[in-house]
Amino acid sequence: MSNSILVVGGGFSGLTAAIEAAELGHDVYIVEKTPYLGGRVAQLSKYFPKLCPPSCGLEIQFQRIRKNPRIKFFTQAQLVALTGKKGNYTATVSVAPRYVAAHNVDFTLLASSLEGEKNNDFELGLAKEKPLYKSMPFAFPGRFVLAPEALSAADKAKLAGNKFINLAEEAKTVELNIGAIVVATGWQPYDVTKLTNLGAGSVKNCVSNMQVERMASPFGPTGGAIVRPTDKRTPANIAFVQCAGSRDQNHLDYCSYICCMATLKQCLYLAEQNSDIQITVYYIDLRTPGRYVKVLDKVKALPNVHFVKGKVANAVQAEGDTVSLQVEDAVRGEKLTVTYDMVVLATGMQPSLATEKLPFALPLDEDGFVAGGEEAGIFAAGCARMPLDVMRSAQSGTAAALKAVQTVKGR
Amino acid sequence: MASRIGVYFDQQNIGGGLDCEALAAMVKTKWGVLTPVVKVYPVLAEAVADIQADITANELNGVLICGPTPRLDWEIYQFGAAVQVERVNMQEHVVHACADLEQLPKVAADYVNMGVVKLQKSEIPDSAAFETVKRVLVVGGGWTGLTAALEASKTGYEVVLVEKTAALGGKALNMPRTSPLQAPWRDMTNSGLEAKLAEVSADSNITVYTEASIAKMEGQPGDFTCTIATSGRAVEVKVGSAVLATGWTPLDNKYLESMGLGKLQGVTHMAAFAKTMLGGTVPAKRVAFVLDTTMAEEMAAALAASAEAAPAEAPAGEKAKEELEETGFVKQDLESLRHLRYSNAVNSVAAMRLANLLCEQKEDAVQVFILYKDMTIPGILERFYKEMQNRLGIMMTKCDVTDIREENDHLVVECKNTLLGMDFDLDVDTVVLPTGIVPTTAKEAVMQFSYRQGPDFPDLDLFDGFSDSNYICFPYETRRTGVYAAGCVRQPMTMDQCAEDACGAVLKAVQCIEAADHGVAVHPRSGDTSYPVFNFVRCTQCKRCTEECPFGALDDDEKGTPKPNPARCRRCGTCFGACPERVISFANYNIDQIGSMIREVEVPKDFRVFGPRILILACENDAYPALDMAAMRNKPWSPYVRIIPVRCLGSINAIWVSDAMSKGYDGVMLMGCKYGDDYQCHFIKGSEICNRRKENIAETLNRLGVEPERVEQFELAIDEYDKVPAMIDGFVEHITRMGPNPFKGM
Chain R
1 MSNSILVVGG GFSGLTAAIE AAELGHDVYI VEKTPYLGGR VAQLSKYFPK LCPPSCGLEI
61 QFQRIRKNPR IKFFTQAQLV ALTGKKGNYT ATVSVAPRYV AAHNVDFTLL ASSLEGEKNN
121 DFELGLAKEK PLYKSMPFAF PGRFVLAPEA LSAADKAKLA GNKFINLAEE AKTVELNIGA
181 IVVATGWQPY DVTKLTNLGA GSVKNCVSNM QVERMASPFG PTGGAIVRPT DKRTPANIAF
241 VQCAGSRDQN HLDYCSYICC MATLKQCLYL AEQNSDIQIT VYYIDLRTPG RYVKVLDKVK
301 ALPNVHFVKG KVANAVQAEG DTVSLQVEDA VRGEKLTVTY DMVVLATGMQ PSLATEKLPF
361 ALPLDEDGFV AGGEEAGIFA AGCARMPLDV MRSAQSGTAA ALKAVQTVKG R
Chain H
1 MASRIGVYFD QQNIGGGLDC EALAAMVKTK WGVLTPVVKV YPVLAEAVAD IQADITANEL
61 NGVLICGPTP RLDWEIYQFG AAVQVERVNM QEHVVHACAD LEQLPKVAAD YVNMGVVKLQ
121 KSEIPDSAAF ETVKRVLVVG GGWTGLTAAL EASKTGYEVV LVEKTAALGG KALNMPRTSP
181 LQAPWRDMTN SGLEAKLAEV SADSNITVYT EASIAKMEGQ PGDFTCTIAT SGRAVEVKVG
241 SAVLATGWTP LDNKYLESMG LGKLQGVTHM AAFAKTMLGG TVPAKRVAFV LDTTMAEEMA
301 AALAASAEAA PAEAPAGEKA KEELEETGFV KQDLESLRHL RYSNAVNSVA AMRLANLLCE
361 QKEDAVQVFI LYKDMTIPGI LERFYKEMQN RLGIMMTKCD VTDIREENDH LVVECKNTLL
421 GMDFDLDVDT VVLPTGIVPT TAKEAVMQFS YRQGPDFPDL DLFDGFSDSN YICFPYETRR
481 TGVYAAGCVR QPMTMDQCAE DACGAVLKAV QCIEAADHGV AVHPRSGDTS YPVFNFVRCT
541 QCKRCTEECP FGALDDDEKG TPKPNPARCR RCGTCFGACP ERVISFANYN IDQIGSMIRE
601 VEVPKDFRVF GPRILILACE NDAYPALDMA AMRNKPWSPY VRIIPVRCLG SINAIWVSDA
661 MSKGYDGVML MGCKYGDDYQ CHFIKGSEIC NRRKENIAET LNRLGVEPER VEQFELAIDE
721 YDKVPAMIDG FVEHITRMGP NPFKGM
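Those protein sequence lines, which keep their order, are chains R and H. Each residue of the first sequence is one higher than the last, beginning at 1 in the working numbering. Each residue of the second sequence is one higher than the last, beginning at 1 in the working numbering.
In isolation and in its complexed conformation, chain H is listed as follows (with noise of 0.2 angstroms):
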């Protein structure tokens, strides 16, 4: 707790229309003895060793900084680790935001007190920093798996690789030559998977278990155990993170039925040809690589439509079900003919390297179409498709596939729209159909994740199975802290980008083994040092914060109690919002010192007189950053709200919103990301959870007898300041007509 702090007032960014002595005064009186300095500069950025003078001269242990956003000069208040430092969003939160001169002093004086009481009830977290164990785990022996493995180990880090089959290598095994993995992006290469191969066996850093898979996976990055299921016998290992690169399996050819895909002799999918020219010369003369699936994907929508009709028979919901009670957990199979449509750019690049393959194999005695109706090559392989357009023996055009059909001794593809001018019909001796890539994560739980939360991946429905991010800025976001995945496990990718994404995922695994080491958040709280610290003797094992945190960092014993899991945390307080007890807090943030907030507000009994008063809690990652611009771009907002920066909306604890109403406060507004499945929240859940929470404070407050209308949470991306004023005002307006708040005064 900061019992010493120094409080300064920086004139350059808040002078003008707000008389700073007069705080200072104010601040003197009021918090005495916890406020031994308090001074009033010119231009404070300037006077930075005088605040270091002071703090040695007055034993401070914390110092407040009342002037611009801390989203500005924040390296220049930084007084090492034993003073902790608070910044009052001054000039943007209070001198340009209140364009109201008569309430400006009021205005400021409640953000300064606010600013003393958080910074009072804020103490420095100790150290949840253990020694870790620097291992990986990777999970897949495929090409992304092996070159995980590689690079952990050339990173220095000891590896466990676990392959589920008899041998490493994986569908990498079927493209000894593949497409172009490096500049100039041309031409055709030999992968390196021998090298490769040998290099991990060379590799006394990298212990290899084949045929093998996870049977569990317990603990937290830093010190999770693992137990690996071989042929035969489980064996533990510890690890400190993993790399998930299980890759795919080729989609059932249930889907491409309709494109004679099981059905007519002679059609197949480039995964199975391409294992087929592995193992010789195939007979093929004429071949067409039909990528257009529209014929599939009609088939499809006509048998779902059906399906709607009828709905699916019992015995597969009895059978989920029964493993359901069995296991408490089900799989759902996320297998679908969309893996399909995504694989459209492996598919095309898969398609000319065949064709070019089977030509050389041929040598030139064969005639190879490839049908698309958008070769989608992506980026740099332009110039391998440039290569390829001008093979001889390749002829490619965009058309539509309308009919394969078997006639006499082979088969005729009907192509219409072609850019010949013309529809025709190909006769053909093998069709090629582009292969699905269905993740393995679509069709298992292959962590065997021991938590709380069930074996798997939360919400992979999401990505039709893939275990990839919902963000576009941070692709290794797995939600389940220490493990990262990579490959076609994330996406369908050619094995270029595979080789690159082992890499990032190597890089998140070892920094996450360090990050526990240091005690410290990985993303997107890098650096913090606070964590969750639970009051076990008041819990009374509800089970809310376990359900609800959305890293599923928390597990419990069998009655309940939560088992904290530091390094899997991501210091969101989504727990800490949950508890109806309120027995979890972090040393730095926490229920009583965001209450002592609210409650240092003064609240002025006559409403008519002296307006409503109104709290907003607003999610610091895109709200607060919001209001800061509002501000910037001077667009003023009502003088009766105050502001109290939360970590995110999943921590807002109803009792704050009690603590609100038994205050005075006529109207509480939460301002966070945006959810639902293009969610923006960074804690993934936070907002959304805030939302269905919202439903029991209003009960809460129903009971009390104050209108649920009171209270209302908004959704504000981080670029929509200009609906700032109006979003803020227009809810101070629908306030002031509700009248004030049947407990002020009270």
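Bound-form chain R, shown alone (with noise of 0.2 angstroms):
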């Protein structure tokens, strides 16, 4: 019998999770795939409806893991066999190598020397980056890591000597004893090759909305400045185009959440870097549940943002790398083709187990979504129970929180 969680997941939920069910005295792991924790939540520039940094949230919750023992962590980890019943289960994780010292190695300049380049899916698909990298500045825990395979042979002899890296690092497994489980694998963006008639990802300067995301951050691969792609020009006219796989049986069959407050924040963005862009937002319906209509208001002010309800149907590539897109305005009944510079695609969420499998049964719908699992004492936490937003998803990670607590209370 076990008093410890399990938390599969380091984003918002799955960090929410762990410390307030440790600093009510229980022993927390968390197992995370990437090399960091933080999540999705690392990757947005601002929330809304404050525009405030997310990093300011997440360094917030490292000092609290920081200073609570009680709070174990792995990264680039995989929960791989789960065995035993509810109030005693053995989980089986598998870390893998980071390559690196287990302290602070300042590898800046070396990684720079290094002449292999690997995708960076951090910056999803927007930049590349050197085998041994930290994600972010904000990267938690802080320390380098390092992909082997990304190497070339210079850089390998280059490494060889080093003594804070070891190539020869192997994979451990570690044995976890814990009573409850705490789901909290997440979400990830709908995968927009599968939106074939937007362009299937292959029309220059139509971007996700989790692509704008990244270019808005100040750590990001433009430095903060959203701009095309192909030619690093600020555009002068952009189109959001709305449930971008949501709310279509074909792709997502439910509403994303986020994403109408998404495209809002990403309009605020885009007016303070550019005033004199024009903005059109195509929209099925704005969804700004509760106070958040205060945001809509703010944008619905901008004399630059037009909002036309209406769904488009498709997107092409025109000339001068612009993006046409086929709209039909719902209002007017007007079949309308307009050209724009550029193109978000505001693309749902669909939650990580849709196409990720954990070593252990749980219901899931449809769409993937946790549906189920409380009477083994396994708890859904955030989106992989529903789309949410990250109020709603420290909400619900708390609420994870208290519900592994009962079922490991005592034990």
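These are calculated hints, taken from the structure and not from any lab test. Since the structure is predicted, the reported quantities are computational estimates derived from the model, not experimental observations. Glycine included, each C-beta is placed from N, C-alpha and C at the ideal position. Treat the hints with care, since some could be wrong.
[Stated by the list, open to error] Pair ranges (Cβ atoms, derived):
| # | chain 1 | residue 1 | chain 2 | residue 2 | range |
| --- | --- | --- | --- | --- | --- |
| 1 | R | 302 | H | 204 | 50 to 60 angstroms |
| 2 | H | 634 | R | 94 | 32 to 42 angstroms |
| 3 | H | 691 | R | 223 | 51 to 61 angstroms |
| 4 | H | 410 | R | 306 | 36 to 46 angstroms |
| 5 | H | 444 | R | 335 | 53 to 63 angstroms |
| 6 | R | 302 | H | 695 | 26 to 36 angstroms |
| 7 | R | 304 | H | 301 | 22 to 32 angstroms |
| 8 | H | 602 | R | 109 | 26 to 36 angstroms |
| 9 | R | 88 | H | 195 | 26 to 36 angstroms |
| 10 | H | 405 | R | 121 | 56 to 66 angstroms |
[What the hints assert, rightly or not] Covered by chain R, per the in silico footprint, the following chain H stretches (three or more residues, Cβ under 8 angstroms):
| # | region |
| --- | --- |
| 11 | 33-39 |
| 12 | 708-721 |
[Unchecked claim] Lysine-lysine pairs mimicking BS3-like chemistry, simulated, CA-CA at most 30 angstroms apart:
| # | chain 1 | residue 1 | chain 2 | residue 2 |
| --- | --- | --- | --- | --- |
| 13 | H | 386 | R | 232 |
| 14 | R | 50 | H | 723 |
| 15 | H | 386 | R | 300 |
| 16 | R | 311 | H | 635 |
| 17 | R | 50 | H | 635 |
| 18 | R | 46 | H | 635 |
| 19 | H | 386 | R | 194 |
Using the supplied hints, reconstruct the complex from the two chains, each of which is provided in its own coordinate frame.
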């Protein structure tokens, strides 16, 4: 029997669940697949509605982890097996090698001298990175990570003698005795290549909303400027295509909850960057639940943002790497063809479990959201459960922590 | 106090440009017996066992690590509860930040010396732990409150449940069939309220008071005394924390008068209609749910414009004045039409739910229209929406509703800009308007805190009366430690959300009890064992600390002597920042400690030759990491500044600025979070209060003959690290132009 709790996923919901349970006196293990904690939130430039930086909230969470010895976390780690039952599980976690020393070493210079390059997953295809890297300045833990498969032969020779790098490091396996599990596996941006009518990711200067977040970020690939990827030019006009994949039975058969708010937030980024920009938002409904309507009011008050109720039928490349949209204006009943310097697809949120499998049985609905598990002491939090924004993910993580605590209390 | 300090230099992280051996020699000479061990290691992280051995052999009670920022390798340098560890941020704030190699040794020496003195003036706090009451007060016996009570009981805590009306159930009594509460989120479901009620009454851990309200709440987490007013008598109960689940009341009909509510027969609102439907079959045959409330908003805007032209009449003000004199508190009524707009999602869902119920009840002998501007269906409930779109008898369209009027024996709803390609008039017998969710906290001070800062939650107007948090990341912050809001009193929510919210609030409530039990702070300084200690002998009862505490942690007696409540305290230090007599301190963070650090810096007499010296007091939450980031990203700054982290800008005491000026510093930068309505300060008011105090500091400086422009506050968000060099260097330049501090060398 164990009164420890396993949290699968180190994004905002998982962090919240872990910290809240630990601060109530339980030992908690976080298993995160990427090299850093923070998840999707770390990729965002600002939060709506206050436009405050996510790193602020994350830093406090990390500070709480630093101060709490009850929280242990594994990065580059995956849950590979689970045996036992509610109250007494054995979880097997496989931890991939990081290849660097287990303490701070500033590899900045060394990393920049390497020849090899790899796709930068954190920057969502907008940049390359060196094989020895740190995804973001606020990375937690703050250690570099090495991807040996991207090293050139010369790189390998260069690293061979470095006392803080061990290319021979092997994956290790850890067994944990736990009583309850919080599944906080989060979400991924819906794969644009599936949106064939919207160019399937092949139309130049047609980007996703998450890519816009990376561009807007002060440490992003463009240093905070939202520009056309082809020529790094600030767009004079831009369109947002809402529900790109969401509310569509061929793709995501639900509303992704955050895309309207994300677009409104990005309208504010764009207007701040260039007050002359012309922005058009094509939408089905503008969903700004609760006090978020204030953000809608703020954006509607901008003279250069136009809202058109209508579905975008398709997106194709036009002259000068512009993007041409075919739109049906639902109110006027007109079909329009309009060309923009840049187009943003407000892509939806797909639960990670739609494409990734957990090593234990957990009921999922047809879209991949968790739909049960409580009786086995397994509780879903955040976007593994349903599409949510950060505030509700925090709320959901806190609630899941309570259910997990109830399960293990007194064991 | 750390009286035997080991000082360790981490050559791997700070070597290169810096002569660690020379620094070590300086420390030995300067501090002597205070620092019996001073060592330089090529890789300090590999020498932890050595440090541990030194601690034992030399009876060290303090360890000073001169290496990377304390935000890194925190888990490596921990040596048990009896040894205080301090980290000198030598890698980021010295080696990376200082590009001037000639200045580097001086900068480094100052930081090391500040580190030594900081440890020397720091004590391990005694415990403020006490045996807490393991009982949770739940205020409000509706859906959220019932859920909270059951969940708290399941977690092993006793519960006192207080309900205002005669029966439990609240608004959920009107919603026996509700929108989906669980996966697959497609179909309406029985709410399960009856089972919940039965479970509550069968639970011996839960004591229920109906027709009851909170008359007084005093004390602190783990030890609240709550007076409950029930019919005819007052009951006093001890509770450890509270969940506020007092829900909402419907918006006054007057706000929807322009749409016919309260004026036209047949016009009602969702909550009222739901109640009517419970009573039996309603006679309606053609019903329009009108979600577009532009008409009401335009009317309100027109009224506001005319009210501005003719100011409100005096009597209301007079009444408030009398009340204020009588009780010292007047509740501002925060109800407004905005509550209707904030209820958009709940009403969109409610319209579908009621439309469906109506069709069921009338066996489809009814035509229902849902007229909306935006169907605000939150996330997963889209699946319910789709079911309803396919339901016979329900027609939904986007449209602008421009008029609702009576014609002959029926109502006419004028619809424009519809999706059907034309404008039309809809003839119906019933019009159902949305219900505005007005949180109870918009109308009354529900908790009746017997606190120095008043009976109500502070700054509720920021959230239009909702007892909500300003933080995206921390939804349960109410600024009254130990009291956590859940459900519609916090935000308009559907029932599934309310239930989840109740669980979250319960976790925070029981966590707060356990934190008090262990004598540690709750978020954001979770686990902090320090707390403010008052030297009452020198207190002049000026009341500044009790007024300025962002969490209302301090009460006072009749004379105005502060009465600390450690379990209400969040350890930000705003109280000691406020204290003109400097009688408040934390064991490990105090006026003398920071003052001594300021004085420890070597300030050269000749400004022209050796440059100015500028003190930066930086918020450790956001500004400090931003400084780290700037340094890591190779953005060095002036070698003439010395940075001291503070818990919050609110903790900055004016004496530190005077200390700096009399020491000969030429300027002081106060670096902290954004303030205003969208504040980012983790302690809510710290940076704002600091800004207010700055005016007093300016006056003091003026009197002393020092230009107030030497002290400036800067707002620095955590991700604005790229602005750091320009911010610092700009200020250094400004001070250089002003010339030396007139006190220098005196």
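Structure-based check of each hint:
1. R:302 x H:204: 50 to 60 angstroms: At 58 angstroms between Cβs, range holds.
2. H:634 x R:94: 32 to 42 angstroms: Check passed, 36 angstroms falls within 32 to 42 angstroms.
3. H:691 x R:223: 51 to 61 angstroms: violated (30 angstroms)
4. H:410 x R:306: 36 to 46 angstroms: Roughly 38 angstroms apart at Cβ, these two residues keep to the hinted range, so it holds.
5. H:444 x R:335: 53 to 63 angstroms: Taking Cβ atoms as reference, residue 444 of chain H and residue 335 of chain R lie about 55 angstroms apart, which means the hint holds.
6. R:302 x H:695: 26 to 36 angstroms: Hint holds: Cβ distance 35 angstroms, inside 26 to 36 angstroms.
7. R:304 x H:301: 22 to 32 angstroms: At 23 angstroms between Cβs, range holds.
8. H:602 x R:109: 26 to 36 angstroms: Holds, at about 32 angstroms.
9. R:88 x H:195: 26 to 36 angstroms: holds (29 angstroms)
10. H:405 x R:121: 56 to 66 angstroms: Holds, since residue 405 of chain H and residue 121 of chain R (Cβ atoms, about 60 angstroms apart) stay within the stated range.
11. 33-39: n = 0 at 8 angstroms, threshold three: violated.
12. 708-721: holds (count 5)
13. H:386 x R:232: violated (41 angstroms)
14. R:50 x H:723: holds (20 angstroms)
15. H:386 x R:300: Roughly 28 angstroms separates the two Cα atoms, so the pair holds.
16. R:311 x H:635: violated (46 angstroms)
17. R:50 x H:635: It holds: about 28 angstroms lies between the C-alpha atoms, which stays within 30 angstroms.
18. R:46 x H:635: Cα-Cα ~23 angstroms, so holds.
19. H:386 x R:194: Since the Cα atoms of residue 386 of chain H and residue 194 of chain R sit roughly 23 angstroms apart, the hinted pair holds (cutoff 30 angstroms).
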